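Number of protein chains: 2
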Amino acid sequence: MNEKTMKPYVIGLDLGGTNSVFGIVDVRGDIKATTAIKTTGFRNAEDYVKAAVETLKVIIKDVGGIETIRSMGIGAPNGNYYKGTIEYAPNLPWAHNVVVPLADMFSEALGIPVALTNDANAAAIGEMTYGIARGLKNFIMITLGTGVGSGIVIDGHLVYGSDGFAGELGHIIMRPENGRLCGCGRMGCLETYCSATGVARSARELLSATKRPSLLRDLKLENITSLDVAICADKGDELSKEIYEFTGNMLGEACANFAAFSSPEAFVFFGGLTKAGDLLLKPIRESYERHVLNLYKGKVNFLVSSLEGSSAAVLGASAVGWNTR
Amino acid sequence: MNEKTMKPYVIGLDLGGTNSVFGIVDVRGDIKATTAIKTTGFRNAEDYVKAAVETLKVIIKDVGGIETIRSMGIGAPNGNYYKGTIEYAPNLPWAHNVVVPLADMFSEALGIPVALTNDANAAAIGEMTYGIARGLKNFIMITLGTGVGSGIVIDGHLVYGSDGFAGELGHIIMRPENGRLCGCGRMGCLETYCSATGVARSARELLSATKRPSLLRDLKLENITSLDVAICADKGDELSKEIYEFTGNMLGEACANFAAFSSPEAFVFFGGLTKAGDLLLKPIRESYERHVLNLYKGKVNFLVSSLEGSSAAVLGASAVGWNTR
Numbered sequence: 001m002n003e004k005t006m007k008p009y010v011i012g013l014d015l016g017g018t019n020s021v022f023g024i025v026d027v028r029g030d031i032k033a034t035t036a037i038k039t040t041g042f043r044n045a046e047d048y049v050k051a052a053v054e055t056l057k058v059i060i061k062d063v064g065g066i067e068t069i070r071s072m073g074i075g076a077p078n079g080n081y082y083k084g085t086i087e088y089a090p091n092l093p094w095a096h097n098v099v100v101p102l103a104d105m106f107s108e109a110l111g112i113p114v115a116l117t118n119d120a121n122a123a124a125i126g127e128m129t130y131g132i133a134r135g136l137k138n139f140i141m142i143t144l145g146t147g148v149g150s151g152i153v154i155d156g157h158l159v160y161g162s163d164g165f166a167g168e169l170g171h172i173i174m175r176p177e178n179g180r181l182c183g184c185g186r187m188g189c190l191e192t193y194c195s196a197t198g199v200a201r202s203a204r205e206l207l208s209a210t211k212r213p214s215l216l217r218d219l220k221l222e223n224i225t226s227l228d229v230a231i232c233a234d235k236g237d238e239l240s241k242e243i244y245e246f247t248g249n250m251l252g253e254a255c256a257n258f259a260a261f262s263s264p265e266a267f268v269f270f271g272g273l274t275k276a277g278d279l280l281l282k283p284i285r286e287s288y289e290r291h292v293l294n295l296y297k298g299k300v301n302f303l304v305s306s307l308e309g310s311s312a313a314v315l316g317a318s319a320v321g322w323n324t325r
Numbered sequence: 001m002n003e004k005t006m007k008p009y010v011i012g013l014d015l016g017g018t019n020s021v022f023g024i025v026d027v028r029g030d031i032k033a034t035t036a037i038k039t040t041g042f043r044n045a046e047d048y049v050k051a052a053v054e055t056l057k058v059i060i061k062d063v064g065g066i067e068t069i070r071s072m073g074i075g076a077p078n079g080n081y082y083k084g085t086i087e088y089a090p091n092l093p094w095a096h097n098v099v100v101p102l103a104d105m106f107s108e109a110l111g112i113p114v115a116l117t118n119d120a121n122a123a124a125i126g127e128m129t130y131g132i133a134r135g136l137k138n139f140i141m142i143t144l145g146t147g148v149g150s151g152i153v154i155d156g157h158l159v160y161g162s163d164g165f166a167g168e169l170g171h172i173i174m175r176p177e178n179g180r181l182c183g184c185g186r187m188g189c190l191e192t193y194c195s196a197t198g199v200a201r202s203a204r205e206l207l208s209a210t211k212r213p214s215l216l217r218d219l220k221l222e223n224i225t226s227l228d229v230a231i232c233a234d235k236g237d238e239l240s241k242e243i244y245e246f247t248g249n250m251l252g253e254a255c256a257n258f259a260a261f262s263s264p265e266a267f268v269f270f271g272g273l274t275k276a277g278d279l280l281l282k283p284i285r286e287s288y289e290r291h292v293l294n295l296y297k298g299k300v301n302f303l304v305s306s307l308e309g310s311s312a313a314v315l316g317a318s319a320v321g322w323n324t325r
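Listed in order, the protein sequences are those of chains A and B. Here my numbering is used: the first residue of the first sequence is 1, the next is one more, and so on. Here my numbering is used: the first residue of the second sequence is 1, the next is one more, and so on.
It is worth saying that the hints were derived from the structure and are not from the lab. Hints may contain errors.
Heads up, the list lumps identical chains together, so a pair's fine if it works in one copy or across two of them.
What the hints assert, rightly or not - Derived pair list, reagent style PhoX-like, types lysine-lysine, alpha-carbon separation capped at 25 angstroms:
#: 1; residue 1: 297; residue 2: 83
#: 2; residue 1: 275; residue 2: 57
#: 3; residue 1: 83; residue 2: 299
#: 4; residue 1: 235; residue 2: 275
#: 5; residue 1: 32; residue 2: 211
#: 6; residue 1: 211; residue 2: 38
#: 7; residue 1: 282; residue 2: 235
Here the structure is a predicted model, which means the values were calculated and not measured.
Please construct the entire structure, taking both the sequences and the accompanying hints into account.
The structure is reproduced here in C-alpha cells:
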C-alpha cells in the first residue's frame, strides 16, 4: 500500500459564476462533507483563494485533517486542463482579463496536488462516471447556469483540443445579425439567450416591448429571474411559457448544429434552468428535430442530469482530482 | 509473407459531387494508375457502379490484374464508415433519398474487401498521412467543392460520432434568418455560401441586385462559375473580388464557431475554391480573428492542401482501404 492509497479523500470544487461549492469525496463517489462560498465579491484571485481555503479548512478538519486528502480537482469556467489556469473568464470579475494559475495557487495553500478543468467538462466527467451518461461514448453535456457551458465527449474521451479550451459552446454565435450583446464582447452568443440570465433578459425584453398581461408584471422588471419565469409559467402565465418555449427553441436549434459536428447519441442538460422540466425539454426536442439535417433525425436522446444540485460538477471535479500525479 | 502483403495495391476512389476519381496506390502512397468518370448522369447506384467497374478494369489490368489489388477504399459524400453506405446525400441524384450499400456493391463486383468513409474524412486522412497535416493532432479539414465537406481530427483520430456521420460542417446554419435555400432542404447552410456553387450564386445575386459594372457581365448569368469569378478577380474586377471577400468572411466566421467546439491547431482547406489563393485565404484569416472568442485568438493556422488535384482524397480513400480486413 503506497502513500496515495492511504489517503482516502479528494476535494472537488465546482467553481460557478455565482457560487463555489466544495465537496470532500471518497473513491466510491460518496460526498463526505460539503461547503460553499460566493464566487464573486473578491477583488482578485488571491482574495478568493484565501476565503476558499479558510472555508475548506473547517470541512477538512471534519474528515480527519489534510493528511487524509490526496488531491484536489477543480471545475471552473474557462479552465485549462493542460495548464491548470483560468483564462479570460467573461463571467468571473477576478479572472476576466487575466490568466489565473488557480491550480498552483490552491496547491501552494493546501500542500496537495491540484488539477483543474472547465466546469462543464467536470460536470460531463461526473455524469459519465456517476450519473445518467454512464456507458455513453458520444454525448454533449450542456450546463445551463449563469452562463452556458459544455463538455464534449467523443469515443469516451473528453475533448480538450489543441490548447485545453475546446467545448465553449455557450459562445457559438446563434444570431450573427442583430444578436444580443454577450459578456464576451461579441454579439448573438447562445449564452445570451439560453442561460439563466438570458431567460431573465428575454422576460425583460418581452415585457418592455409589449403591453401583454403577465404575472411577471407584479415583479420589479430588473429583479426578474429565470426561476420567477418558471414559477409564473407553472401557474399558466402565457407570456412566461412563451419565454421558455423561445429558450428551448434556441437550444434545439443550437443542438442541431452541434449534431453536424460530433453526431452524439445524447445531449445531457444540467443546471438551474433544467428545473423547468418539460417546459424547456419539449421545445428543445421539437426544435431539434425541426432544425437538424435529415441524416441525424430521430437518433438523439435529450437527458437531464440525474445527479442532484451541483453533485455532478463536484463529483466530476473530484474525478479530475483523482487523476493528479 | 501472407496473402495480404503479397498484394501490393489498393484502389482509392474519390467520389465527388461532379467527378469520381480512381487511383491505384501502393503502400508508400504512390499513385500507380488513375482514371475517372462523371458521378452524375446515372439513373441509380447500380448503373453508377457498373460504369465505374468498367472504367476501373482498364487500369486494374495495367497494374497487373485484380490479383495485385488487396482492397478498395472510398471517400463519398454522406459516407458511413461503420456501415459502408451512402445515405441521403443531397448532392448525389442517385443517392438523394436512399441508403446505398456502395461498399458491398463494389466488393461484390470486384471480389475484394471495400471500406468507405465520408469524402472529406478521406481527404483529412490523406492530408494527415501524406500532406500538410502530417504531425497535426487537432485539425479540421474543410473541402470546398460542389458542396462543403469536413473531416474533424481530434487527438489524432478522425471523429465518426455515434452513427458514423459526424463532421457535416457544410450544413452548419450560418444564417438562420433569411438564409439561402440549401440542397438539404433547410435554409442558411454554410455550403450555400462557401461552395463553388455558392460562389457562383453570390455572383448571380450581386449582378442581378445591382447595376455595378463587372467583367462578369460579359458572361451569361446562368453559366457563371466560381472559376470565372476567380479569373475576373485576378484581372482586378472589384465586384468579383468582393464576392471572394464575402465568401472568405463567411468561412472565417464559421471557423470561429468551429474553434469553440474542438479548438483545433489548424484548418486545412482543400478543393477547387482554394485555387483563388489569398483572394480567399486573407479574408478567412481576418474574419476568423475578428469573430473568434478571445480565448482562441491568434492560435490557429490556416493551411491549404499540399496534395495536388484530388490526390489527397484518393490517397485518403486508399488509406481507408489499407485498413480493411
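Structure-based check of each hint:
no.	hint	in the structure
1	297 with 83	between (39 angstroms within a copy, 17 angstroms between copies)
2	275 with 57	neither (32 angstroms within a copy, 63 angstroms between copies)
3	83 with 299	between (36 angstroms within a copy, 16 angstroms between copies)
4	235 with 275	within (15 angstroms within a copy, 60 angstroms between copies)
5	32 with 211	neither (51 angstroms within a copy, 74 angstroms between copies)
6	211 with 38	neither (37 angstroms within a copy, 61 angstroms between copies)
7	282 with 235	within (18 angstroms within a copy, 55 angstroms between copies)
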